[in-house]
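Protein chains: 4
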Amino acid sequence: MGPNLNTAINLADFEPLARARLDDNAWAYFSGGAGDEITLRENRLAWDGLRLLPRVLRPLQSAELGIEMLGRRWPHPLLMAPMAYQALAHPDGERAAALACAAQGAGYVLSTQAGTRLEDVAVLVRDEPGRGPLWFQLYPQADAGLTRELMQRAAAAGYEAIVLTVDAPVSGARDRERRVGFRLPAGVSAVNIPAGASPVDKDWRAAAPTWASVESMLDHAPLPVLLKGVLHPDDACQAAALGAAGLIVSNHGGRTLDTCLATAHALPRVADALQGAVPLLVDGGIRRGTDVLKALALGATAVLVGRPLLMALAANGASGVALGLRLLQDELLMALALTGCDSPAAVSRKLLQG
Amino acid sequence: MGPNLNTAINLADFEPLARARLDDNAWAYFSGGAGDEITLRENRLAWDGLRLLPRVLRPLQSAELGIEMLGRRWPHPLLMAPMAYQALAHPDGERAAALACAAQGAGYVLSTQAGTRLEDVAVLVRDEPGRGPLWFQLYPQADAGLTRELMQRAAAAGYEAIVLTVDAPVSGARDRERRVGFRLPAGVSAVNIPAGASPVDKDWRAAAPTWASVESMLDHAPLPVLLKGVLHPDDACQAAALGAAGLIVSNHGGRTLDTCLATAHALPRVADALQGAVPLLVDGGIRRGTDVLKALALGATAVLVGRPLLMALAANGASGVALGLRLLQDELLMALALTGCDSPAAVSRKLLQG
Amino acid sequence: MGPNLNTAINLADFEPLARARLDDNAWAYFSGGAGDEITLRENRLAWDGLRLLPRVLRPLQSAELGIEMLGRRWPHPLLMAPMAYQALAHPDGERAAALACAAQGAGYVLSTQAGTRLEDVAVLVRDEPGRGPLWFQLYPQADAGLTRELMQRAAAAGYEAIVLTVDAPVSGARDRERRVGFRLPAGVSAVNIPAGASPVDKDWRAAAPTWASVESMLDHAPLPVLLKGVLHPDDACQAAALGAAGLIVSNHGGRTLDTCLATAHALPRVADALQGAVPLLVDGGIRRGTDVLKALALGATAVLVGRPLLMALAANGASGVALGLRLLQDELLMALALTGCDSPAAVSRKLLQG
Amino acid sequence: MGPNLNTAINLADFEPLARARLDDNAWAYFSGGAGDEITLRENRLAWDGLRLLPRVLRPLQSAELGIEMLGRRWPHPLLMAPMAYQALAHPDGERAAALACAAQGAGYVLSTQAGTRLEDVAVLVRDEPGRGPLWFQLYPQADAGLTRELMQRAAAAGYEAIVLTVDAPVSGARDRERRVGFRLPAGVSAVNIPAGASPVDKDWRAAAPTWASVESMLDHAPLPVLLKGVLHPDDACQAAALGAAGLIVSNHGGRTLDTCLATAHALPRVADALQGAVPLLVDGGIRRGTDVLKALALGATAVLVGRPLLMALAANGASGVALGLRLLQDELLMALALTGCDSPAAVSRKLLQG
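Chains as they are written, first to last, in our numbering: chain W, 1177 to 1530; chain X, 1177 to 1530; chain H, 1177 to 1530; chain C, 1177 to 1530.
Keep in mind that the hints were calculated from the coordinates and are not lab data. Computed from a predicted structure; not experimentally measured. Check the hints yourself; a few may be wrong.
Since the list can't tell identical chains apart, any single copy or any two copies may satisfy a pair.
To be verified - Only pairs whose alpha carbons sit at most 25 Å apart, straight line, appear in this in silico DMTMM-like list of lysine to aspartate or glutamate:
{"#": "1", "residue 1": "K1526", "residue 2": "E1244"}
{"#": "2", "residue 1": "K1526", "residue 2": "E1213"}
{"#": "3", "residue 1": "K1526", "residue 2": "D1212"}
{"#": "4", "residue 1": "K1526", "residue 2": "D1448"}
{"#": "5", "residue 1": "K1526", "residue 2": "E1240"}
Just need the whole structure built from these sequences, with the hints factored in.
Structure (structure tokens):
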């Protein structure tokens, strides 16, 4: 008898369940980080290391999880982070993940490197009542025309924002992938971009996006654009000044530059620099309701969750993802109540030990 | 041959003895903490991490453990913390625990969720010569009348104070309990409150106590009321201003909000804010005589010990609890002598490395 | 084939060799510390944790290990710490240890609780050319007359100083000893004090030494008296003011008060307070030549080494102790050379990273 | 089937491959550090412990690895550190290592204690197009004439600089070597110095170099001289003032003085003191491209890599060394790109979290 999905009582529980279902190739791809995986581990440890100083006896009669972001109200502050090739995790791939997110009121960010046409995902979920944000993630393409085309397609399909990933001009040192000789299996490919348009190492220098190329994209974007992968406060301010609609503090889940700052440590500095100019989101290592609470306390409006939901997808498809999101919402509501907060907006940095 | 109770030479020794006697259900309930049990562990590590700077050659001729608290003198500063359903640990349950405490001069705090009628416990011990404090712990009930009735019964039975727990408007993420599917066994129930009066998650919002509801309780309480579960200095000051007779710095033994501040770290801040306005107690992770000494040094008048005495109860009933309390008193007296203190009152923060 | 003494190439190597030769009773006695043995471990870790900032190209032509202390010149700054009942470790007991120390130019401090008459040890070594200091350790006795008599005997036998241990008015929580039910084997006893004169717990309060009783001892002592077991700077200053000839910063090898300050952390504070008023020594956790160098850098004139030499004694009697002392001298000379110092006097706190 | 060289995807991978090929004697010699190997480990941990704060969207169109040093331009900032007796690692010894370095554009520093004539190494590589620096390492010899002769030979053979090691007036406590009874096997010897000229412990005092002897060497050196083994800022300034052409911050790979400062911690202090007066290099614990980046950020112009390239040599001779250097260059280029730097010169301390 293999692992039992019913044993998943928190997000971390999906990892061994997924390991049992994934082959070494897919496992290396999803579980690995760059180099010695120091940042991968530290992303988690950084949340664990923050100490809460709860308040008692505050009114909780109307406690709830709703947030406002980019001019709309959403059921809660959770989104599924963009991750490539979700069909590697489960045959239903992006469809299952997006449906589960919509059913749970969570946002879904489709990857440029999705194995499903962006229009096919959008049509499944865009009219779902009570769903969360529907966004499209974009790697800047060497071909500016292609970038523009992808943004137009996303807007036409019903996506509400573009997430532009700026922290990966090259791949990181993915030692785990190299150790297994990772390859995409037959039948899985990035269907939204033309064959050959994917970044190839030999011309990464020419393809690397710059502030100038991003400014041009922002000027012509049909949708609000959030920049993902910003850790330095000065870069955050520059992005906001150029018209970014929001920022995602991220180190690519520890997959690109090992030993870079954990996102929990970068977030408050970026928040202090931005002074609320644009909404901030964060990803990396979030597994617990208390992690989400801490992200809110440090200045985030919402958070993205990556690997653990991917593991949940691998473990049990859409049901797994839905269960994972349900568990995290439950934990977040408990964390709010136990710190004396009746909503995400009531959370402030004072809840953290100085 | 099973574990031998005679091998218990310190409080930690009772844990493996208890594990051998408890089923998985009870073990999960008593041993577990919230979430990843970070606060559960840190409660211990925080005491371990404090360094003593002892003095030598001070007079010890009259060294002893007695303290003053709430207007009376007690044999020593140890109380058994309130813990629910002690019959899960040993058939003699709260009776055995309360008797052992009385015999050893330790205080006993009966839980609202005791499996024994509060009057039955009180009658066993209240006239015991040399006993410690006898207090009744209360979860604020949604029904204010029920709360008042419980306080009246406690006063009538001979309890000397009410301990009002304010840090648990909801249960925490008790993953261990969920993993075993924890249930109260037949025959164990909270006999002091009407069936159905126990907090149920679906109406926790309405039942959650507030400063207003607590103020009203304090105004009508027939006994001194100590608030248990306060970590923030501002909350401590507000409680004192509203008439609380004392405060117990506690994080519910790490069972509600994971990654909240360890009590050893919260205590000095609360003590500094209160400036002695009301007596302070503390629980969480205390296992050694040096831990008690450190609590006194940081501003506590007395300490509550929970899990290890529960484990002693599981290991050997009243004898176990008595042995545990004896060992801890012996260690405390040694710790006083080895730091040059002849009484708890002689302990000051100067004994701790700055 | 058992462990091979020839494998000892550093002081730590003697521990497994000793373990193989000692029974559980003796092992518990010699290896154990108080409580959870946190201070026992931290004594070591504290030396390990100090970082050296070496200098290069300084003149080493006349590099050597000699020191001045209490008005005499000695071959090097190493002494064997006082330890009771050395016959538990090896049949030759104190005789073997003292001879090995003399042969290696190291000091020897005989314990009050030695199993050999103090005169018998002195006569063996006092005329040895090139030996180190010969001191007698004293636990203050409840009977002041007995204390005076012991000091007179020590002076008459040729001891050059008294080491008065002030940090143990009671034994610590020696859990390891209690776990094995430690008892002195037949034939081993404290022959220098009358049967029944040993401190017994039931009257420790009356027997506990005070500043007043120590002052009286200092006034009548026939030899210079060093106080052993001082950690607090104020106690150190008081001892110097009352006429102590020197101080030994010690926490009794982690055997009395667990979680008290490591000696490497206490030493610089005491040195700063004393400003050179009297010579300072230190023990606790010293295993390496670099540890000795660090002690000198923090203000010590000499160091005492306890357990590892006891383990060497257990492993191979006098030869073991001599080898241990030889290894430590070799390491110390290397450490001096590699930091640019040509003598212990050339070592200063500047060698340590600030 | 033994370990497979093809499994080496980062520098650390060579270590198990080398272990499988080396006997205990050679393994102890190459892998060991001084004492408890605390500095050996900390050299690594210190780089791991530095956190990068990357910048995004900076121009990378002309990203490359070239540096300027001592008046010339080199392909990248990597050199192979001087290590004795490379024939112990592989039959091709220094020849293989030097050739691999030249082929990869890396510098090579030949050890005084090489098993190959310095002229034989030089002739192999000095005319290699695209090679890195070719330097000769020197232990100051007791015989000043011999030192001068070696420098003249090195200059005549085409070496471009002398690396004078100043941190080893004596060997360290090489416990691993002593444990295996390390000896040079037949056929391996230091062929560049006369038999008997190697430092012998019994006269190390007389042979120990001083500032005066070094000054005299610098005055007569036919080549630029870099001092290797400097950790203290004052020593660094003195060396620069006396005419050293550069400095190598090093603790001899943790092989001499255990618990001395890690080089990553010493480097910025030395850089701050020198203010760019002479080029700085560093070695010790560098395994990753991000380590090299951090060294550049802290003020180094180039870095030396020792043990891991020796392990690569042991694993697969010249091919192993070349692969190791290739992997490290690849990682360094990725690290530059991912932090927004298009060359080593663009790296500044601002990339490190303050």
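query = Among the hints numbered above, which are violated by the structure, and what are their numbers in rising order?
reply = No hint contradicted; all consistent.
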